[in-house]
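Q: Heads up: the protein sequence lines correspond to chains A and B, in order.
Just so we're aligned, residue 210 is where the first sequence starts under this note's numbering, counting upward by one.
Just so we're aligned, residue 2 is where the second sequence starts under this note's numbering, counting upward by one.
Calculated from the structure, these hints are not laboratory results.
The structure displayed is predicted, hence computed values, not measured ones.
Even glycine gets a Cβ: it sits at the ideal position worked out from N, Cα and C.
Please note that a few of the clues may not be correct.
Claimed, not checked - What follows is a set of in silico ranges between Cβ atoms, one per label pair, in the way DEER data are often shown:
#, chain 1, residue 1, chain 2, residue 2, range
1, A, Leu291, B, Gln58, 17 to 27 Å
2, B, Asp4, A, Thr212, 26 to 36 Å
3, B, Thr31, A, Val269, 21 to 31 Å
4, A, Ala249, B, Lys68, 28 to 38 Å
5, B, Thr26, A, Glu268, 44 to 54 Å
6, B, Lys69, A, Glu231, 25 to 35 Å
Stated by the list, open to error - What the simulated footprint calls covered on chain B by chain A, stretch by stretch (three residues with Cβ under 8 Å from a Cβ of chain A suffice, anywhere in the stretch; the number is not a length):
#, region
7, 18-26
8, 69-77
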Amino acid sequence: SQTIHQWPATLVQPVGSPLSLECTVEGTSNPNLYWYRQAAGRGLQLLFYSVGIGQISSEVPQNLSASRPQDRQFILSSKKLLLSDSGFYLCAWTRTGSRSPLHFGNGTRLTVT
Amino acid sequence: GEDVEQSLFLSVREGDSSVINCTYTDSSSTYLYWYKQEPGAGLQLLTYIFSNMDMKQDQRLTVLLNKKDKHLSLRIADTQTGDSAIYFCAERDYNNNDMRFGAGTRLTVKP
Numbered sequence: 210s211q212t213i214h215q216w217p218a219t220l221v222q223p224v225g226s227p228l229s230l231e232c233t234v235e236g237t238s239n240p241n242l243y244w245y246r247q248a249a250g251r252g253l254q255l256l257f258y259s260v261g262i263g264q265i266s267s268e269v270p271q272n273l274s275a276s277r278p279q280d281r282q283f284i285l286s287s288k289k290l291l292l293s294d295s296g297f298y299l300c301a302w303t304r305t306g307s308r309s310p311l312h313f314g315n316g317t318r319l320t321v322t
Numbered sequence: 002g003e004d005v006e007q008s009l010f011l012s013v014r015e016g017d018s019s020v021i022n023c024t025y026t027d028s029s030s031t032y033l034y035w036y037k038q039e040p041g042a043g044l045q046l047l048t049y050i051f052s053n054m055d056m057k058q059d060q061r062l063t064v065l066l067n068k069k070d071k072h073l074s075l076r077i078a079d080t081q082t083g084d085s086a087i088y089f090c091a092e093r094d095y096n097n098n099d100m101r102f103g104a105g106t107r108l109t110v111k112p
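Construct the complete structure from the given sequences, taking the supplied hints into account.
A: Below you can see the structure in the form of structure tokens.
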């Protein structure tokens, strides 16, 4: 069966510090990978998605970037965090092709102080 | 872009049925999903329905789809306190890599 791992679970970082959140998927190959942000326990905002190694699509221009160095690894980064980057970050995957639903990781709670 | 709309709050008593409603606007949506999010956790897929179906039942969950009105509902029978969570409706077009989510309905179950 497939599993998705996301870490860390919680993170407190000062303004101006860098960020690296990691997500890995097991039990499947060539998944589509996604980063979402959820503010205040509410709606989801798609940040990035990737259909293959090195292929990143950005949905919202902002202070964040994403990379996919390996087939089942997706990384969310920032060089300098802003207060507005605080939120709940969710990684998700789906099989290639659009017939399967997204499966989510457990999320990372980021607080920028 | 297309919007998915849900009411923000629903409160029911334990043992009653809960009905969470969702409307979507993209007539090309082919897959519609319900997710559950418990506090501090990721989204858990509950059920989904294809656009060529009217109804899908899975134990205590019943999904109804009215494609003409672009209305989707999730009925939870015999609601329990453990059902308290945020429920998200989502749609997907066959040609898209993305899913569109509603803002979520916070279900509170009172004992």
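Q: Checking against the hints above, which ones are violated?
A: The structure breaks hints 1, 5, 6, 7 and 8; every other hint is satisfied.
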